[in-house]
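Given chain A, put chains B, C and D in place with the hints provided.
Protein chains: 4
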Amino acid sequence: MARQAKVGVLGASGYTGSELVRMLLRHPRVEIALLTADRRAGQEMREVFPQFSPFELPKLVSIEGLDWVSLGLDLVFCALPHATTQNVIKELLDKAPSVKVVDLSADFRLSDTAAYAKWYGHEHHAPELQKAAVYGLVEVHRRAIKKARLVANPGCYTTCAQLPLVPLIKEKAIELGEIVVDAKSGMTGAGRSAKEAMLFSEVSEGFHAYGVGHHRHMAELDQEFSAAAGREVVVTFTPHLVPMNRGILSTIYVRGRRGRTPADLHAILSKTYAKEPFVHVLPFGETPQTRHVRGSNMTFIGVASDRIAGRAIVISALDNLVKGASGQAIQNMNLVLGFPETLGIEQVALFP
Amino acid sequence: MARQAKVGVLGASGYTGSELVRMLLRHPRVEIALLTADRRAGQEMREVFPQFSPFELPKLVSIEGLDWVSLGLDLVFCALPHATTQNVIKELLDKAPSVKVVDLSADFRLSDTAAYAKWYGHEHHAPELQKAAVYGLVEVHRRAIKKARLVANPGCYTTCAQLPLVPLIKEKAIELGEIVVDAKSGMTGAGRSAKEAMLFSEVSEGFHAYGVGHHRHMAELDQEFSAAAGREVVVTFTPHLVPMNRGILSTIYVRGRRGRTPADLHAILSKTYAKEPFVHVLPFGETPQTRHVRGSNMTFIGVASDRIAGRAIVISALDNLVKGASGQAIQNMNLVLGFPETLGIEQVALFP
Amino acid sequence: MARQAKVGVLGASGYTGSELVRMLLRHPRVEIALLTADRRAGQEMREVFPQFSPFELPKLVSIEGLDWVSLGLDLVFCALPHATTQNVIKELLDKAPSVKVVDLSADFRLSDTAAYAKWYGHEHHAPELQKAAVYGLVEVHRRAIKKARLVANPGCYTTCAQLPLVPLIKEKAIELGEIVVDAKSGMTGAGRSAKEAMLFSEVSEGFHAYGVGHHRHMAELDQEFSAAAGREVVVTFTPHLVPMNRGILSTIYVRGRRGRTPADLHAILSKTYAKEPFVHVLPFGETPQTRHVRGSNMTFIGVASDRIAGRAIVISALDNLVKGASGQAIQNMNLVLGFPETLGIEQVALFP
Amino acid sequence: MARQAKVGVLGASGYTGSELVRMLLRHPRVEIALLTADRRAGQEMREVFPQFSPFELPKLVSIEGLDWVSLGLDLVFCALPHATTQNVIKELLDKAPSVKVVDLSADFRLSDTAAYAKWYGHEHHAPELQKAAVYGLVEVHRRAIKKARLVANPGCYTTCAQLPLVPLIKEKAIELGEIVVDAKSGMTGAGRSAKEAMLFSEVSEGFHAYGVGHHRHMAELDQEFSAAAGREVVVTFTPHLVPMNRGILSTIYVRGRRGRTPADLHAILSKTYAKEPFVHVLPFGETPQTRHVRGSNMTFIGVASDRIAGRAIVISALDNLVKGASGQAIQNMNLVLGFPETLGIEQVALFP
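So the sequence lines, in the order shown, correspond to chains A, B, C and D. Per my numbering, the very first residue in the first sequence carries number 1; after that it's consecutive. Per my numbering, the very first residue in the second sequence carries number 1; after that it's consecutive. Per my numbering, the very first residue in the third sequence carries number 1; after that it's consecutive. Per my numbering, the very first residue in the fourth sequence carries number 1; after that it's consecutive.
FYI, nobody ran anything at the bench for these hints, they're computed from the structure. Since the model is a prediction, treat every value here as computed from it, not as a measurement. The C-beta atom is built at its ideal place from N, Cα and C for all residues, glycine as well. Be a bit skeptical, because a hint or two may be false.
To be verified - Straight-line alpha carbon distances no greater than 25 angstroms define the calculated PhoX-like cross-link-like pairs of lysine-lysine that follow:
(1) 59(D) - 275(A)
(2) 147(D) - 90(D)
(3) 147(B) - 131(B)
(4) 195(D) - 195(B)
(5) 59(A) - 195(C)
(6) 195(A) - 59(C)
(7) 59(D) - 195(B)
(8) 195(D) - 59(B)
(9) 195(C) - 195(A)
(10) 275(B) - 275(C)
(11) 59(A) - 275(D)
(12) 59(B) - 195(C)
(13) 170(B) - 271(B)
(14) 95(D) - 146(D)
As the list claims (entries may be wrong) - If the Cβ cut is set under 10 angstroms, some of the chain B residues that face chain A in the computed set are:
(15) 62
(16) 63
(17) 121
(18) 182
(19) 203
(20) 210
(21) 238
(22) 253
(23) 256
(24) 280
(25) 305
(26) 312
Chain A with its partners taken away, still in its complex shape (with noise of 0.2 angstroms):
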């Protein structure tokens, strides 16, 4: 039997953390080695999150004063807050070179320093490292991210935006000024502090939009979406919040190029997706729900015709802590560490 890799996972105590370590327990080419949660440093893992208490993990300690060198780790996990990844990463990176990375943090989505200083309002910490990261969109750039040593795990929006649009963008199937994007996600998106409008009785039995107009994750979209066409590509994206866990559905408004019909887009997309284990396109005019997906690393993607001659709804729909996070994470994992992409990722959708 093959030498486990040796995994850690820094910030456990979030939602990402913990869907991390529920795919790693039964991962079989891993062992968890480290768990680090400052807040609830000294803590058990289950007293974080009960659903582990039957299993035997390490218990959460800081990330100060660790000896990444004697830790002996394969790959690390990163699941901090924004900002404090960049300083963390570097000094891992730099402390222990065979060490591997996926982050899941935002923070080196961007290789343009530019870009990443207008959106989040300050310089990045460590630029030579924000060029060097690939960005970890697998079914996009599986080649480059196999030799990559620091993967930047993209954002759950931007996953479920990236699968439908970029085969379409690339192909120049659709009208780029007039792509419109209306998001939906779950609460989870959202992280696990505590702030009042996260609070079950302001969120159940409701629907809003929020960010509206100006949200963070535009940036990653423009990046992706403007290499893919070769020029610079602005999207209209506007999230919404439902009263549900986990999920995003993107409805995504197009109008086909050059004599494009909707039928035609759905054949770029099913073309596209046709071998890959975690992109599904439905049956022409069929179109997904969330709960299809629900703790799978799937991504379901409907392509119907609008009443409207030349124009296309394309729906796309995952679970946001999974294929949007944790999932993809180790999907990324398994390509960096030369593992069969699809291992210990392959769950069933929970549904209902």
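Frame of chain A, contents of chains B, C and D only:
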């Protein structure tokens, strides 16, 4: 004290029926004199809706064989399924010339018999009434409603889309060829019939679009938008289901015409609705949540700038069972019977 | 027209505060003259609760430095956190001798200073008021409340348990040593403070008990049940959290005393509450649902036989924010100010 | 590699059917060879449960006219409605002598034909099988299950009540005349049939008890508790519905016998389940939440002291579709076919 108006509710066992009863029970000028529900005839209202247990209400009866004349009703709310409605109202208006009707079905909303036949797949059974009916969106057609004998209460989706869009269209402030309405509704919009797709376990913890590209509500939008524009207008409209009971939120994407900015659009809406009791325009840049209108007859509207110059995002929210159905029906009744418009529908929203 | 009573709400930024405002806005004899919220002082109520956007309300102010005399209030609702309340009310009653107070906190519910010190871990700050306060369970203490200057509004769990149990205890109809109250509450019972355990993602799609064996509400039950029995009564009480906003349901297990059957227990409750406007006893064998009292001041009670002879299952349901808090507080205000008891709290339940 | 066992699922269009398919798809020793669903015969599984779209599965067929011999199945899961089951299994076992059956209905759980007739209102159609069937609560009847040909998979409520109570009863540690089981279940426990009472809008945002005093699951509890005690035991049991998809939580009130303290009861349960893979006893005083076992085959049990001396509150939680149905069924299959007991059902709980 003025005589109480005697009113009846046809189809009292559905959600719009129970909402009518909820508000009419506390309406100071109304007596509930008739409740029908064919499949539940002979039962007490409390057996169908236990919340009415403490109240005295007429027993549910069948609509068959009612003697409309001797009932002596002043007004009838018709909350029956599609198509049935046409025959019932025709007979009722024939036999009881002094009664007035507010119809909550879709049967009399389309004044064009050809449009009706196209969308519903059969000829209208009462085409002469179809033309006489007044479309009951109070804020647009108030004057005509006051004189009407038959009011066609608007649909919930369409009320939510028309209140923000009709003034913008009338003012020629937006491009008519690029309007996208992405609408999200709570489950009560689908009624109370026992269908697998509406079970709790099929609906909770998930989100999806339906009727993509071909929802019947579009006919109603076409009619009213075209009337407002003075020429044919066709919009893109996609409805979605939210795992909540009440509420519709419409995210509407528009482009200003002839240099109109998002702030200009906001100004038009603010001015239009400055004195309306049931439409409230939020300060520029703020957007509404469905939960803040729950149980009330209020519509909230917000306008924000898109990051793409010239484009605005207009968001409206209402309770589909109140302003989207029964509350607006009582608002129409108040006009038709000469009562103050807000009587009996002044409840403040129930949040949380 | 009679002069409007001037009322204030201390602590208007919490859920019981917003519920008071919701109902007082439509109360025909009341003017809202003061709203306080220390952390939100200087803001408009609409910034804290957007559902009030369409209404004119006093700006939120700090409780510090208020001149109680010049405010000229007739009555103050106190919806402040535990302990703070004692000092505020003491000062208020000292300085403004004509004002009356309905306190929604737990601070004045226990008349025994020793019991208070035991359950709350410190001496009461206003023990002389503690004795003067009247316990505001209207259906039990109506006569005393009418003459009170300070009414201690009962807790939500305890109102739900007392309404069915007090009459049975008074009638010596049940064994006092075997009472089990298994209570389930919606999330608004936990208030609006930003705690991790109250986040949507921690609460939805799950169910659990809390405070097992040692919940503070027990002190209030002990006091009232013992007073009703004329001797010490201690019951088993377990609270649970339901993923819903509003509602408490208590499933109560009792054994009839001296041959009393479940039907006998039902008869006692039916007789006791025959003329009460806000307590409704269902037919024998039927049991209530929280959704059918949502948003109303109503309590529904049902009694059924257990299959074990002599044992009965009594179930009561109310809306924790209305009859369990703010509705009952207005009911108390109506008594204290000499208004009709049901004024302003007659809304019919909102279902669905 | 060992030959894959060929299994069939009768009644694959319900929730226990889809759960079986979810887990069997990833079971390393099983091939899904047959899926039946009479009303959906001829359809693909993906039309009934879209989450299976990416997977190859046999088309749904009718159970009528199947040739059990040529199908060559090793084991059949029967997830059919009550009563139908008896005839189907009788025929199946007659015709295909080598096949084994795990039945998820209630039909073979009662070994006493008189008890069956009493609770179900008719004679059993296969009384000889009724006696041969082994009751499949693995932790209690493991040895007998391994040799069984027909396993009657226990009910969800009853599994949740038996796992904590059977050891306490066997040890004679609690008074048998005072056991109260207050049980709360998510909606999937009610199945997938289209009934008004199960609609989203009837279920969400509310809580209620049902079947008060006379729920059929009681027969199963009587049988197993009486067997454990060696004399007749009758408990009080009240089921409730929680607005969530999955999970059962049982709050159980017991009195220690002969001086047994709550801590003693905890010690008995801890010892009993120390080595069980799917039952986890929490530290004394901690109580479980349904969300922490969601999607897993785990049962969590907690014990706390009541404030009344000698009384304890025991709380158990499981996922009604997994340990309460399909997960336990696969656990039974593993025993019957000689596989490791945990194979294919080791998924970690999905929270949030």
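Problem - Pair hint outcome, residue 59(A) versus residue 275(D) [Cα-Cα no greater than 25 angstroms] - result: At roughly 22 angstroms apart (the allowed maximum being 25 angstroms), residue 275(D) and residue 59(A) satisfy the hint.
Handout entry: Holds or violated: residue 195(C) to residue 195(A), with C-alpha atoms at most 25 angstroms apart
Key = holds (7 angstroms)
Practice task
Classify the hint on residue 63(B) as holds or violated, based on whether any CB of chain A lies nearer than 10 angstroms to its CB.
Solution key: For residue 63(B), the interface hint is violated, since the closest Cβ of chain A sits about 34 angstroms away, which is over 10 angstroms.
Exercise for the section: Compare the distance between the alpha carbons of residue 95(D) and residue 146(D) with 25 angstroms, and conclude whether the hinted pair is satisfied. Expected result: holds (22 angstroms)
Exercise for the section: Compare the distance between the alpha carbons of residue 195(D) and residue 195(B) with 25 angstroms, and conclude whether the hinted pair is satisfied. Expected result: holds (7 angstroms)
Problem - Hint validity - residue 253(B) Cβ closer than 10 angstroms to any chain A Cβ - result: Given a least distance of 5 angstroms, the restraint on residue 253(B) holds.
Exercise for the section: Compare the distance between the alpha carbons of residue 275(B) and residue 275(C) with 25 angstroms, and conclude whether the hinted pair is satisfied. Expected result: violated (43 angstroms)
Exercise for the section: For the pair we were handed, residue 195(A) and residue 59(C), check the Cα-Cα distance against 25 angstroms. Expected result: holds (24 angstroms)
Exercise for the section: Verify the proposed pairing of residue 147(B) with residue 131(B), using a straight-line Cα cut of 25 angstroms. Expected result: holds (15 angstroms)
Exercise for the section: For the hint on residue 238(B), just tell me whether its beta-carbon gets within less than 10 angstroms of chain A. Expected result: holds (6 angstroms)
Practice task
Under 10 angstroms, Cβ to Cβ, is where residue 312(B) needs to be relative to chain A, so tell me if that hint holds or is violated.
Solution key: Given a least distance of 9 angstroms, the restraint on residue 312(B) holds.
Handout entry: Proposed proximity, residue 275(A) with residue 59(D) (alpha carbon, max 25 angstroms)
Key = holds (22 angstroms)
When held up to the earlier numbered hints, the structure conflicts with 10, 12, 15, 16, 17, 23, 24 and fits the remainder.
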